[in-house]
Structures are given as structure tokens and as C-alpha cells.
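One letter stands for each residue in the lines below.
2 protein chains.
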Amino acid sequence: MIAKTPKPPYYAVIFSSNRTKEDNGYSEMADKMIKLAKEQDGFLGVESARNELGIIVSYWRDLNAIKKWKENTDHSIAREKGRNEWYKSFKTRIAKVERDYEFEKK
Amino acid sequence: MIAKTPKPPYYAVIFSSNRTKEDNGYSEMADKMIKLAKEQDGFLGVESARNELGIIVSYWRDLNAIKKWKENTDHSIAREKGRNEWYKSFKTRIAKVERDYEFEKK
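From first to last, the protein sequence lines are chains P and E.
So the first sequence is numbered by my numbering: it starts at 1 and just counts up by one.
So the second sequence is numbered by my numbering: it starts at 1 and just counts up by one.
Copies of the same chain are indistinguishable here, so a pair counts whether it falls within one copy or spans any two.
Straight-line alpha carbon distances no greater than 25 Å define the calculated DSS-like cross-link-like pairs of lysine-lysine that follow: (1) Lys106 x Lys70; (2) Lys81 x Lys21; (3) Lys88 x Lys32; (4) Lys105 x Lys91; (5) Lys96 x Lys67; (6) Lys35 x Lys70; (7) Lys105 x Lys70; (8) Lys38 x Lys68; (9) Lys4 x Lys32; (10) Lys21 x Lys105; (11) Lys81 x Lys105; (12) Lys105 x Lys32; (13) Lys106 x Lys4; (14) Lys106 x Lys81; (15) Lys4 x Lys105; (16) Lys38 x Lys4; (17) Lys35 x Lys91; (18) Lys88 x Lys106; (19) Lys106 x Lys21; (20) Lys4 x Lys21; (21) Lys70 x Lys96; (22) Lys70 x Lys38; (23) Lys96 x Lys4; (24) Lys96 x Lys68.
These are computed hints drawn from the structure, not numbers from a lab.
Generate the whole structure from the sequences, applying the supplied hints.
So, in C-alpha cells, the structure goes:
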């Protein structure tokens, strides 16, 4: 689902990743982290898709909200497990959304 | 593949979309547009994935490169066709990448 974000400016965290072949609890952890992210102050929405490459874009009110989410204990444990087991490689980009526009078919 | 982008700052165009059921030349057009984007001045890379939701993130040197790509004639025709045939809805976000970091398993 396309995230219903407020008027810019706000922030996007673009997380692009290549998975290992291990599932080993990945799906459950991913669901748990999405649920936990939604409870954080300043969380605005999330979008994700995966083929060979996975892309998760989460949207946040400001850099401080992103920082707090990064420091969240459960999230830190999940990231550590991600590096050890689930990801071959990933790249995280922190970006300030300056403009957006949308289209919906009538 | 994770895009090999230079050191920030640079720009990301996050394009999130819901497709219609029509294929009608979509895949060929998507391939053609990726190829054409790669030829543009200021293009830095692209990442994409699709399940129910599709996400394409393209990376650009600056806002001017994005503007020129938006004004490209073939790209404009493809976008028009996208609104008429291929997309139920989409959202485009223009964002300035301020920081990035990456991980690769040893």
C-alpha cells in the first residue's frame, strides 16, 4: 500500500537489501519490526517490495524520530541478527523528502 | 542490485505504484525507460522491486537532472501511458539523500 504521508518536508529511510537463503525467523521478525515501528513517535508510514532486491522505505517526521528508532533496543537486536543471518548486503539512505505528488485513477 | 551511488548529497526519486491488470507493453516500456534513464546526464543508479506494491528508486546528481529527465519527451509519453493504462495509483517523492551507509557480508 502506498503510504499516506503528510505534506513535505519529512524524511524517508530507504533500505535496499539482498537476502541470504536463510529464513530462520526472518518473516516473523520483519512483521514484528513493522508493527513496532508503527508505534514509534514520528513514524509516518512504510512501503515495501521484494524480488531479488528488497526495498523498504519508511517515512518519519524528522531526523530525531529516525535516531530514536535506530536506538530502539528490539530494533537494534533485529538489525544485529540481520547482519549475522539474513542479509548478504544492504544499503540504508536517509533522505529528506522535499516534494511529492500523486495520481489516482478515477 | 543495490545502486552504487557516490557520497551524499544526491537525490532520490521514490516512485511507489499500484498497477492495473493490463500488461499491454508495460514490461518493454519499463525496460526501455530504465535504459533511457541510464543515458541521462546526472543519473546515478536505480533500484526496483514489486509485489502488490511496486517501488522504483532512481538516484540523481541534483534537482536539475531530475527536471530534465521529467521533461524528456519519450519519458513524458511513457508517463502519460502509465496514467491511462498501467497504474491504478502512484506517488512520487523527491528526496535529498543526506547520509548513507552499507553492509556487505564478509
